[in-house]
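Produce the complete structure using the sequences and hints provided.
Every number in this note's numbering is 386 more than the matching position in the sequence shown, counting from 1.
I should point out that these hints are in silico values taken from the structure, not numbers from a laboratory. The structure presented is a predicted model; accordingly, all values stated were derived computationally and were not measured. Heads up, a few of these hints could be off.
As the list claims (entries may be wrong) - Quick list of in silico lysine to any residue cross-link-like pairs, SDA-like style, CA-CA up to 20 Å:
hint, residue 1, residue 2
1, Lys-499, Gly-483
2, Lys-599, Met-639
3, Lys-446, Leu-409
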Amino acid sequence: MERRKPIIVKLGGALITYKDKPLAINLGVINNIGGALSKSDSPLILVHGGGSFGHYFAEKYSLTTKPSRASAVGVSRTRIAMLKLNLKIMDRLHNHGIDPYPLPPSCFVGLTKKSKRDLFLSLMDQGLTPITYGDVLMKKRDCYILSGDEITRILSDALRPKRVIFLLNVDGIFWSLSQSNSPIEELKPEDLREVQLQSVGMDVTGGMALKLKEALRIARMGIDVIFVNGKDPRRIFKALIGEPSKGTLIRGMISD
Numbered sequence: 387m388e389r390r391k392p393i394i395v396k397l398g399g400a401l402i403t404y405k406d407k408p409l410a411i412n413l414g415v416i417n418n419i420g421g422a423l424s425k426s427d428s429p430l431i432l433v434h435g436g437g438s439f440g441h442y443f444a445e446k447y448s449l450t451t452k453p454s455r456a457s458a459v460g461v462s463r464t465r466i467a468m469l470k471l472n473l474k475i476m477d478r479l480h481n482h483g484i485d486p487y488p489l490p491p492s493c494f495v496g497l498t499k500k501s502k503r504d505l506f507l508s509l510m511d512q513g514l515t516p517i518t519y520g521d522v523l524m525k526k527r528d529c530y531i532l533s534g535d536e537i538t539r540i541l542s543d544a545l546r547p548k549r550v551i552f553l554l555n556v557d558g559i560f561w562s563l564s565q566s567n568s569p570i571e572e573l574k575p576e577d578l579r580e581v582q583l584q585s586v587g588m589d590v591t592g593g594m595a596l597k598l599k600e601a602l603r604i605a606r607m608g609i610d611v612i613f614v615n616g617k618d619p620r621r622i623f624k625a626l627i628g629e630p631s632k633g634t635l636i637r638g639m640i641s642d
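Okay, structure coming up:
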């Protein structure tokens, strides 16, 4: 029996937490997301950001995406915060019949592409939903933050999913900061420089600029990338089944 291709879903930190309030999770939104994800016919891989959990301590203790020396207390508190957030999310997903299996990025980032693929496929073959998240990692004696957006790209490269969906706290990608108009329906690589970007609240991993950079790298693998408002379960479901909905599409590019 041929395996079904998975869908990778990235849950934005600004969506699942209140980014202006430290350590505050938006349980209502996570419940809605869980309800929509539970209807998926495709196996899922979930990645979530840190929001006001990981970013709060990373900012407080000056942790960045560049390897550097950092205090042990800063590394520890950031990791613990991400574990707590991950547990809260998994608990809500389980209420919707999803069986999540947590995989901290330290479990797989050092593996070969094939080993990453085998690890995630073996879990999905057992009916489990792998879930991972942005976290603090060690590199020799230094530490650095690996963002959920970067992890999404790394996993896309290893697993070549059916599509990748970024769940945002807004309707998609906009041309201007006012967001008063409809989101861009389809964003082409040559148009990226025209997009005005805004980062909301605490964010030590690059915000929307990094998100778009990683999304473009995924699209260059021939994988469609969809940005949709994660507060609307109907739009999430449409993105899962590949139906057009309000949001932004970066179409997968087929290389010659």
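Right, here's what the structure says about each hint:
| no. | hint | result |
| --- | --- | --- |
| 1 | Lys-499 x Gly-483 | violated (30 Å) |
| 2 | Lys-599 x Met-639 | holds (15 Å) |
| 3 | Lys-446 x Leu-409 | holds (13 Å) |
Checked against the numbered hints above, the structure breaks only hint 1 and satisfies the rest.
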